[in-house]
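With the hints as constraints, model all of the structure from the sequences given.
Chains Y and H supply the protein sequences, listed in that same order.
Numbering-wise, the first sequence is residues 1 to 597 according to the numbering used here.
Numbering-wise, the second sequence is residues 598 to 752 according to the numbering used here.
Just so you know, these hints were derived from the structure itself, not from any lab.
A portion of the hints provided could be inaccurate.
Claimed, not checked - Across the chosen pairs, the derived CB separations fall in these ranges:
1) H:Asn-729 <-> Y:Arg-121: 49 to 59 Å
2) H:Glu-702 <-> Y:Pro-536: 30 to 40 Å
3) Y:Asp-178 <-> H:Thr-700: 16 to 26 Å
4) Y:Gly-256 <-> H:Lys-617: 53 to 63 Å
As the list claims (entries may be wrong) - Interface residues of chain H toward chain Y, partial, derived using beta-carbon atoms under 8 Å:
5) Ile-639
6) Ala-642
7) Lys-643
8) Ala-644
9) Ser-648
10) Glu-651
11) Phe-653
12) Gly-654
13) Ser-657
14) Phe-661
Stated by the list, open to error - Distance condition first, Cα-Cα at most 30 Å in a straight line; then the derived DSSO-like pairs of lysine-lysine:
15) H:Lys-614 <-> Y:Lys-181
16) H:Lys-669 <-> Y:Lys-176
17) Y:Lys-181 <-> H:Lys-699
18) H:Lys-630 <-> Y:Lys-176
19) Y:Lys-355 <-> Y:Lys-263
20) H:Lys-747 <-> H:Lys-669
21) Y:Lys-181 <-> H:Lys-617
22) Y:Lys-503 <-> H:Lys-669
23) H:Lys-676 <-> Y:Lys-176
24) Y:Lys-509 <-> H:Lys-643
25) H:Lys-722 <-> Y:Lys-176
Don't be surprised by glycine CBs; every beta carbon is placed ideally from N, CA and C.
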Amino acid sequence: MSKYLVNLTINDIPVSVPEGTTILAAASKLDFRIPTLCYHEDLCVAGNCRVCVVEQVGGRALLAACATPVGEGMQIHTNSAVVRTARKTIIELLLSEHSSDCTKCYKNGNCELQSLAHEYRVGDHVFIDLVNGKRKHIDDLSPSIIKDDSKCIRCQRCVRTCDELQGVSALAVAYKGDHQKISTFLDHPLVEVVCTNCGQCVNRCPVGALIEKTYVEEVWDVINNPNKHVVVQTAPAVRVAIGEELGYNPGERLTGKMVTALKRLGFDSVLDTDFTADLTILEEGTELLTRLKRAVVDKDPTVALPMTTSCSPGWVKFIEHTFPEFLPNVSTCKSPQQMFGALAKTYYAQKKGLKAQDITVVSIMPCTAKKYEANRPEMRSSGYKDVDYVLTTRELGMMIKQAGINFQNLEDSPYDSIMGESTGAAVIFGATGGVMEAALRTVYEVVTGREVPFANLNIMPVRGMDGVKEAKVKIEGCLPEWKFLDGIEVSCAVAHSLANARKLMQAVKDGTAHYHFIEVMACPGGCLGGGGQPIPTNEEIRSKRAAAIYGEDEGLPLRKSHENPEIKMIYEEFLGAPNSHKSHSLLHTHYLARKKY
Amino acid sequence: MADVQQIIKDVTGIYGKERKALMPILQAVVKTKNYLDDQDLIAVAKALDLSAAEVFGTASFYTFLDTVPRGKNVIRVCKTISCHMAGKDAIIHAIEDTLKVKTGETSVDKKFTLLSANCLGWCHKGPVMLINDQVYPELNAEKAIEILQKYQEED
Numbered sequence: 001m002s003k004y005l006v007n008l009t010i011n012d013i014p015v016s017v018p019e020g021t022t023i024l025a026a027a028s029k030l031d032f033r034i035p036t037l038c039y040h041e042d043l044c045v046a047g048n049c050r051v052c053v054v055e056q057v058g059g060r061a062l063l064a065a066c067a068t069p070v071g072e073g074m075q076i077h078t079n080s081a082v083v084r085t086a087r088k089t090i091i092e093l094l095l096s097e098h099s100s101d102c103t104k105c106y107k108n109g110n111c112e113l114q115s116l117a118h119e120y121r122v123g124d125h126v127f128i129d130l131v132n133g134k135r136k137h138i139d140d141l142s143p144s145i146i147k148d149d150s151k152c153i154r155c156q157r158c159v160r161t162c163d164e165l166q167g168v169s170a171l172a173v174a175y176k177g178d179h180q181k182i183s184t185f186l187d188h189p190l191v192e193v194v195c196t197n198c199g200q201c202v203n204r205c206p207v208g209a210l211i212e213k214t215y216v217e218e219v220w221d222v223i224n225n226p227n228k229h230v231v232v233q234t235a236p237a238v239r240v241a242i243g244e245e246l247g248y249n250p251g252e253r254l255t256g257k258m259v260t261a262l263k264r265l266g267f268d269s270v271l272d273t274d275f276t277a278d279l280t281i282l283e284e285g286t287e288l289l290t291r292l293k294r295a296v297v298d299k300d301p302t303v304a305l306p307m308t309t310s311c312s313p314g315w316v317k318f319i320e321h322t323f324p325e326f327l328p329n330v331s332t333c334k335s336p337q338q339m340f341g342a343l344a345k346t347y348y349a350q351k352k353g354l355k356a357q358d359i360t361v362v363s364i365m366p367c368t369a370k371k372y373e374a375n376r377p378e379m380r381s382s383g384y385k386d387v388d389y390v391l392t393t394r395e396l397g398m399m400i401k402q403a404g405i406n407f408q409n410l411e412d413s414p415y416d417s418i419m420g421e422s423t424g425a426a427v428i429f430g431a432t433g434g435v436m437e438a439a440l441r442t443v444y445e446v447v448t449g450r451e452v453p454f455a456n457l458n459i460m461p462v463r464g465m466d467g468v469k470e471a472k473v474k475i476e477g478c479l480p481e482w483k484f485l486d487g488i489e490v491s492c493a494v495a496h497s498l499a500n501a502r503k504l505m506q507a508v509k510d511g512t513a514h515y516h517f518i519e520v521m522a523c524p525g526g527c528l529g530g531g532g533q534p535i536p537t538n539e540e541i542r543s544k545r546a547a548a549i550y551g552e553d554e555g556l557p558l559r560k561s562h563e564n565p566e567i568k569m570i571y572e573e574f575l576g577a578p579n580s581h582k583s584h585s586l587l588h589t590h591y592l593a594r595k596k597y
Numbered sequence: 598m599a600d601v602q603q604i605i606k607d608v609t610g611i612y613g614k615e616r617k618a619l620m621p622i623l624q625a626v627v628k629t630k631n632y633l634d635d636q637d638l639i640a641v642a643k644a645l646d647l648s649a650a651e652v653f654g655t656a657s658f659y660t661f662l663d664t665v666p667r668g669k670n671v672i673r674v675c676k677t678i679s680c681h682m683a684g685k686d687a688i689i690h691a692i693e694d695t696l697k698v699k700t701g702e703t704s705v706d707k708k709f710t711l712l713s714a715n716c717l718g719w720c721h722k723g724p725v726m727l728i729n730d731q732v733y734p735e736l737n738a739e740k741a742i743e744i745l746q747k748y749q750e751e752d
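If you want it as structure tokens, here you go:
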């Protein structure tokens, strides 16, 4: 930001802001909210919806506040008669091309266009309805995302999200004029193109044109089925964001209330994906050490390093499309969600004396790609579909509201057992860098017998919102069986959002960057900024959720995955050892090279 | 396909493999084979490291970058208001009768595709049509048919 200040007045109130500030930001400084639709804090300016127009005294035309930098001596009016009339007309024009059957829309009550229509009290059919003349095209073939062009206002937030944040560009603007639409390649369904199902577009769509595919009714049905034992698992990032759906400010830790609410919804057992996050650390840490041993001791030239994480299904699908040559580098570990499903229908069933076919596994995830992951044909190791239904954080909020539960007054409850116990290392899976940090806490201690050398176990270099983070950990004083690692500096990299992942993997491909271990999360900020998280999202909200995640970690008595007593128990009773034959058959998977175009 | 690879090679030789080469490549392909098929779009996306959706989006924006097969000669009759007032309907009917196609269609012998176009910028001399890159102003039905016959006689 420039050091030069620009003086102007907004609604006759003087204000000084740095050169380059937009009128929108300057107005916000004076607590004047200017309505926006195409504008989003995470994305570049588009200036195409025009709903943020303001009047400049002496100006020829109205200005788009989101796209116009302030000028010295400007006199801006954000709510003059001319502005109000123009805005109302713009909203009415947008509605004339928008399928506005609001009461039947999934986004009813959570739609930015609907809110503006309400705010400006638009008239009835001021303009001819242009929606009915157009061919209605709904793409609902994806298990994750539904795209309904009849609701699209062509603000292009989704296009910018897919390009700028994710570097995927599965969506682009096609055709022109009144034929303009947001389209995939040749308008193919989302399941047939390079879409990773990350849902970042869903998170930013101001209307109901891009929504998650909901399975709430299916889950109610199964809860009400007395023959089914319904197990629910909750991902780490859900507990720090569910509050935003239920009237709390961002960054509230609500684990205990959430567990109580899930019990009241009627789930038979409320368990934690954090348990299998801890398990992932044991499996993935062992896999990393095995790969390092093969490289250092056996001098095996076929060993694939750097190894990358595999928890994020958006990242997995991205690498399958974009860097298929690196598939051997991806950890074979299933994601914690899928490990949980496979164990729920084997280990848990056995311990509880239940039949796998009588168990239904429901996941609450911050993610839309998890819906796709659960449907992958590889994810049936138990002999059944390991995870039956995946709901987003938003859908859980919806169920709690539908059930009439007064969430804010609920008491805290602990998770049920077994597969409900977890450590701080698991909860940080929800933030970018968390898997890396959790893995280092365990791997370092396994190899040296000492705690990882960072104050209070907090590995700060892998935390925070930088797109690509690096950390080096020197391994010294190894236990006898790991002597071969003595003196090695383990080099790690962490990327979040797929545009950053692409840069990182390209550097690895070009040979300009060298690492042993790479963590990638498809979404900005990691799972806490996932496509299934409450809307809206921006960097400030994501940072508050991250602070809550790290607060949760610090508040737990156990903060290293290998210390989780239920993890020790499952290896003794059921799995044997990490990466055992049984682990491999239930907890590991393989990947598929997919077409890039 | 081989042709398209050659076109891409030639054009990127001039403009490089930046995004700015996209339009020249698409135009060069259309100039050679009259339209872009799915595989052409993918080949261009690959060559410039762009997403296929972005290349499709660009091609679909421009009327002159066809993404469906076209005949050897593409006729575009201006449909905008000046030409409409000057009698473009009669021109279109005459061409439809002569070629036995409707607007938007390609003749059975694949020699002609008849399209309507937005303003061609010849409002002072309407009605006007474009055959490939050649402009034919101040038309009437007889004149239009005469012009078509010249193209029909070519092979």
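Structure-based check of each hint:
no.	hint	result
1	H:Asn-729 <-> Y:Arg-121: 49 to 59 Å	holds, 54 Å
2	H:Glu-702 <-> Y:Pro-536: 30 to 40 Å	violated, 48 Å
3	Y:Asp-178 <-> H:Thr-700: 16 to 26 Å	holds, 19 Å
4	Y:Gly-256 <-> H:Lys-617: 53 to 63 Å	holds, 57 Å
5	Ile-639	holds, 4 Å
6	Ala-642	holds, 5 Å
7	Lys-643	holds, 6 Å
8	Ala-644	violated, 11 Å
9	Ser-648	holds, 3 Å
10	Glu-651	holds, 5 Å
11	Phe-653	holds, 5 Å
12	Gly-654	holds, 4 Å
13	Ser-657	holds, 4 Å
14	Phe-661	violated, 12 Å
15	H:Lys-614 <-> Y:Lys-181	holds, 27 Å
16	H:Lys-669 <-> Y:Lys-176	holds, 26 Å
17	Y:Lys-181 <-> H:Lys-699	holds, 26 Å
18	H:Lys-630 <-> Y:Lys-176	holds, 24 Å
19	Y:Lys-355 <-> Y:Lys-263	holds, 22 Å
20	H:Lys-747 <-> H:Lys-669	holds, 14 Å
21	Y:Lys-181 <-> H:Lys-617	holds, 23 Å
22	Y:Lys-503 <-> H:Lys-669	violated, 44 Å
23	H:Lys-676 <-> Y:Lys-176	holds, 17 Å
24	Y:Lys-509 <-> H:Lys-643	holds, 17 Å
25	H:Lys-722 <-> Y:Lys-176	holds, 27 Å
Checked against the numbered hints above, the structure violates hints 2, 8, 14 and 22; every other hint is satisfied.
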